[in-house]
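Participant: In the UniProt record's numbering, the protein residues as written are 1 to 77.
Honestly, the hints are just simulated from the structure, not real lab data. Hints may be right or wrong, so weigh each one.
[Claimed, not checked] Straight-line C-alpha distance at most 20 Å; calculated SDA-like pairs for lysine to any residue:
#1 22 to 51
#2 22 to 44
#3 22 to 54
#4 26 to 50
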Amino acid sequence: MIFNYGIAYGGGRIAISCPLAKALAKMQDRCIHRYPESYGSDDRIHACLSELSVPLTKEPGFHQIDLRLNLFWPSCG
Numbered sequence: 001m002i003f004n005y006g007i008a009y010g011g012g013r014i015a016i017s018c019p020l021a022k023a024l025a026k027m028q029d030r031c032i033h034r035y036p037e038s039y040g041s042d043d044r045i046h047a048c049l050s051e052l053s054v055p056l057t058k059e060p061g062f063h064q065i066d067l068r069l070n071l072f073w074p075s076c077g
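Assemble the whole structure, with the sequences as input and the hints as a guide.
Facilitator: The following block contains the structure:
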């Protein structure tokens, strides 16, 4: 079972379009102040994107990995 809460986590990469970046830039300060309980940039970006009614699209090529396993992965064979 995967617990992802429907938000993107920056450690696994996120990508946004230029128009979305411009929309976020216009409202992010006000948005962040509306959600003081949000912890970290992932929660804050999720809150602001939700206000803009932007859906999350999962990209299979973006992965968040546990680097404690092997700091050289995947470059080591």
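Participant: Does each hint hold? Answer for all of them.
Facilitator: Hints and how they fare:
no.: 1; hint: 22 to 51; result: 14 Å, holds
no.: 2; hint: 22 to 44; result: 16 Å, holds
no.: 3; hint: 22 to 54; result: 14 Å, holds
no.: 4; hint: 26 to 50; result: 15 Å, holds
In this structure, every one of the numbered hints holds.
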